[in-house]
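Asker: Those protein sequences? They're chains A and B, same order as listed. Residue numbers for the first sequence follow this note's numbering, so the first one is 8 and each next one is one higher. Residue numbers for the second sequence follow this note's numbering, so the first one is 7 and each next one is one higher.
Since the hints were made in silico from the structure, they are not lab data. These figures come from a predicted structure and were not determined experimentally. Treat the hints loosely; a few may be bogus.
[Stated by the list, open to error] Below are the DSBU-like pairs computed for lysine-lysine, each with C-alpha atoms no more than 30 angstroms apart in a straight line:
1. B:K74 - A:K62
2. A:K12 - A:K89
3. A:K89 - B:K19
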Amino acid sequence: MVTSKNRRGLRDWLAQRITSVLVGGYAIFICVFILMHQPDIYQPWHDLFSSLVMKIITLIVFISLIWHAWIGMWTVFTDYVKRVAVRAVLETLVAILLFGYLLWLFEILWSTH
Amino acid sequence: MQAERPINLDLTKFRFPPMAIVSILHRVSGVILFLLIPLMLYLLHHTLVSVTSFTAIQEQVSVHLLMKLGVWLTLSAAAFHLLSGIRHIIMDFGFGETARAGRYSAYLVFALALVAVILLGIWLW
Numbered sequence: 008m009v010t011s012k013n014r015r016g017l018r019d020w021l022a023q024r025i026t027s028v029l030v031g032g033y034a035i036f037i038c039v040f041i042l043m044h045q046p047d048i049y050q051p052w053h054d055l056f057s058s059l060v061m062k063i064i065t066l067i068v069f070i071s072l073i074w075h076a077w078i079g080m081w082t083v084f085t086d087y088v089k090r091v092a093v094r095a096v097l098e099t100l101v102a103i104l105l106f107g108y109l110l111w112l113f114e115i116l117w118s119t120h
Numbered sequence: 007m008q009a010e011r012p013i014n015l016d017l018t019k020f021r022f023p024p025m026a027i028v029s030i031l032h033r034v035s036g037v038i039l040f041l042l043i044p045l046m047l048y049l050l051h052h053t054l055v056s057v058t059s060f061t062a063i064q065e066q067v068s069v070h071l072l073m074k075l076g077v078w079l080t081l082s083a084a085a086f087h088l089l090s091g092i093r094h095i096i097m098d099f100g101f102g103e104t105a106r107a108g109r110y111s112a113y114l115v116f117a118l119a120l121v122a123v124i125l126l127g128i129w130l131w
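Only chain B is shown next, with the shape it has when bound in the complex:
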C-alpha cells in the first residue's frame, strides 16, 4: 500500500470559470428534472381527465405555494437544461470550442435562462 498522500480538493476554495458553472448546473437541473417527472405526469393526467379536474389543477397551482414552486422549479430546470444542452450540442459540432467562446456562450446561457425563469415566474404569479 502506498502512503496516504495529502488531497487538496476543498471545493469551497475554488474559483470556477462560468463554463464550469454551466456544466454542473446542467447536471443538477437534469437530476431535478428526473425527480420531478412524476409531478409532470400528475399534471398531465389531471389536466386531461375532465374539465372539473383541469380547473382544480389550475386552482391548485395558483393557490398552493408548494405546487406553484414545484411547477416553477420544473419549468426553470427544463429551460436551463435545454439551453445549456443546446450549447453542448453546438460545441459537439465544433462551434465555439475555444475557452473564450466557451466563456461567452456560458454567459449567454445564463442570460437567456434568467430571462426564461423570470418570464415563467411572471406567468405563474
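Just chain A, same shape as in the assembly:
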C-alpha cells in the first residue's frame, strides 16, 4: 500500500485531520441523540441502529477511527519503542486488533434488525 517514503508524512497528517472530523462529528451526534432521548432510550436507540443509513455511516466512521487510531499508535510506538523487533510485534498486534474490531462491528450492526 505504501510505495513512497515521500508522501507518507503528508498523507498521515491529512488523514488524521479528516478522520478526526468524521469521528468527532459522529461522537457529538451520538451524545446529542442520547441526551435528547432520556429517559426511555431503548426503542429510539434500537431504531437508530436498525436503519441502513446509520449502519453505513457508522461503518465509515469506524473505518476512519481505526485509521486514526493506527496512525496515533504508530506515532507513539515510533517515539518510544526503539527496538525494531519489539515495535514490529506491537504494530502487528495493534493492526490485527483494529481489524478484528471492524469485523466485530459488522457483526453487531448486521445482527440488529
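Guided by the hints, dock chain B onto chain A, whose structure is given.
Answerer: Same frame as chain A, but now just chain B:
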C-alpha cells in the same frame, strides 16, 4: 565510538508549560481510547441485542464500580481528546499559534474538559 556524554533529562525535575501538558494528555487519552475500544463495542452490542440485554447493561453500569469507572474513563478520555484535538486543528489553520494564545487555549481546554468530566460523573452517578 564517541565517549558517553552526560544526559540531563530527569522529567520529574522539569516545569512544563500548560501547552505541553495538553499535548501529552492528548497522547495519553488517545492511547486510553484505543485500549477501551473493545469496551465501547461491547456496550454497543449489548444495548442493541434486546431490551433485557439493554436493561442488564444499565444495571451493570449503575451497580458495578469497575464498569462505571470504565465507562467514565472512556467518556472523559474522549472528551479531553476531542477538545484538545479541536484546539490542535484550530492551530493548524493558523489561529492562536503564539505562545501566549497557546497558553490561554490550553487553559480553556482544561476548563472545558473539567466541566465535561464533572458532568459525566454526575450523569453516571
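Asker: Failing hints, ascending?
Answerer: Those not satisfied: there are none.
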